[in-house]
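Given next are the chains, with one letter for each unit.
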Amino acid sequence: MATVQVSEAEKVYILHGIRDDLRVDGRGCEDYRHMEIETDVVSNTDGSAKVTLGHTAVLVGIKADIGKPRPLVPNEGYLEFFVDCSANATPEFEGRGGEELGTELSNTLYKVFNNKHSVDLKSLCICPGEHCWVLYVDVLLLQCDGNLYDAISIAIKAALFNTKIPRVRISTDEEGGKEIELSDDPYDCMRLNVENVPCIVTLCKVGHRHVVDATLQEKACSVASLIISVTHKGTVTCTRKVGGGSLDSESIFEMTELHHSCFTLSESIHLLSRPGSGWSSTST
Amino acid sequence: MAVDMRLPTIRKTVSLSVAAFDRKDLVVPGDVITSDTGFMRGHGTYVDEDKLTASVAGEVQRVDKLICVRPLKTRFNGEVGDVVVGRITEVQQKRWKVETNSRLDSVLLLSSVNLPGGELRRRSAEDELTMREYLQEGDLISAEVQSVFSDGALSLHTRSLKYGKLGQGVLVQLSPSLIKRQKTHFHNLPCGASIILGNNGFVWLYPTPGQQEEEAGGFYTSLEPVSLSDREVISRLRNCLLALSAHKVLLYDTSVLYCYESSLQHQVKDILKPEVMEEIVLLTQQKLLEQEG
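Those sequence lines, one after another, are chains A and B. Residue numbers for the first sequence follow the UniProt record's numbering, beginning at 1 and rising by one. Residue numbers for the second sequence follow the UniProt record's numbering, beginning at 1 and rising by one.
Because the hints were derived from the structure by calculation, they are not lab data. Small disclaimer: the values here were computed from a predicted structure and weren't measured. Incorrect hints may have been included.
To be verified - Computed Cβ-Cβ distance ranges for the label pairs, DEER-style: (1) S86/A to G42/B: 33 to 41 Å; (2) E250/A to E119/B: 50 to 58 Å; (3) Q267/B to E254/A: 21 to 29 Å; (4) R209/A to Q286/B: 37 to 45 Å; (5) T208/B to T103/A: 24 to 32 Å; (6) V91/B to S246/A: 29 to 37 Å; (7) K248/B to D248/A: 43 to 51 Å.
We put the beta carbon where it would ideally sit given N, CA and C, even for glycine.
If we strip away everything but chain A, and leave its shape as in the complex, we get:
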């Protein structure tokens, strides 16, 4: 993650502020920064979304390709994640500097989506055992100002909602070989049901309290964070602990309680992504 230097006195100021529930920018410990979501930004993808969370900006593009299904699950499609930390975000990511962070983020995304309920993988099947849709999810970090996991998960949910997969027909020709035909109508496509796509909530432990949506300065004062991906029904799909500090079991319990109340975040995105929602700002 991009790092900023903070002096000892600034750390003390931030710590005391979080203890009194008043962060540097006036937010409480459970408030998110101003968020803006836009879908359908990249024209040559099947689905895309751009999310700006404070100064963090993330762009996600999804391309659907026909591939061979995995041997253990022949009647399901799958998702492939790739996170690119571009040097646009911070000079630390120049060259191969952003690779480590990118692999860490992709691995977490694989874990988050590695279950039967998030995305209906059976709907991505074309011909069991032979052809299926593979969704390549490419995440591009444009600006880095803390809280990457949350922004990326929201962008992926919005991009999946925006994805239009063309309908295909399987026909057998004379020799018995299968032929895949795309329909002529460009608007004839299948949409994904993103109701159960989870959203990631990151809680950073600063001092004795935890904050949601930490900025880079607050991250510099925290020792550990807990990442939980949760759906709008409250189901948890993945938990991870990041950072060198330790969390004792009581604080993990407290943070999980907080995460459960944060699944309303997932709900509000769900409301926003309903078709026909225009200019709407939801606050919970």
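Add chain B to chain A, keeping to what the hints say.
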């Protein structure tokens, strides 16, 4: 818990000045300033086929026969006497390297800082070894530019009691061209906080110190918790500064104060919403215009 989500809109900068066109001579790179060969070319210009052309985006300044273009967005170009707020990046032999948002890191020599107790003596080898006890990597200081090296790097000094290591507070990083040059850059605002408007764009907000801390002279940083009311004032000021800089308003103590007063009707965390920012900046600009004319 509050989550505010929306679709993006096109941002428009708030501008009240009607006569903006004839007031400033704005050019972009490639614009021809003049075809007259009698002028001397200054910074930000070059000669292209006998025509004086701008190489940066900014306003044209004419002083007698000298034409130069002052860029609107640039790194900090320091001059002697500027007050800067900087962060220590390195501790070297007999000097510290300070990051001040300029092209090169500025230099703070060991001989340019005050020794504890105010003694005046030659710096010894022991002083060199205990440099890190005074200023470490990551510490913030306020200093004044003493001189400019030939390569453009600034040499700073903290030889007055008002400069030195900064304690608890909030740093806001803005563009240097938005800070107005004034007689003094240290202000104790009536709303209950103090501000240092560094010429390099770094603005430091801190709680107004009490009487007894004046004697320490920059060596003692208090780590006592700051009261909640002071914190609120500082957070509000920080958000106001960000709002003003987003709409390119010149920053000085009066404009910051007017913005603070206009923002009192909103909650601190709401100030950074685009429509609230526009409203506050509009009110501030109106007040400033009233005050001037």
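Here is what the structure says about each hint:
no.	hint	result
1	S86/A to G42/B: 33 to 41 Å	holds (37 Å)
2	E250/A to E119/B: 50 to 58 Å	holds (52 Å)
3	Q267/B to E254/A: 21 to 29 Å	holds (26 Å)
4	R209/A to Q286/B: 37 to 45 Å	holds (41 Å)
5	T208/B to T103/A: 24 to 32 Å	violated (48 Å)
6	V91/B to S246/A: 29 to 37 Å	holds (31 Å)
7	K248/B to D248/A: 43 to 51 Å	holds (48 Å)
Taken one by one, the earlier hints fail for this structure only at number 5.
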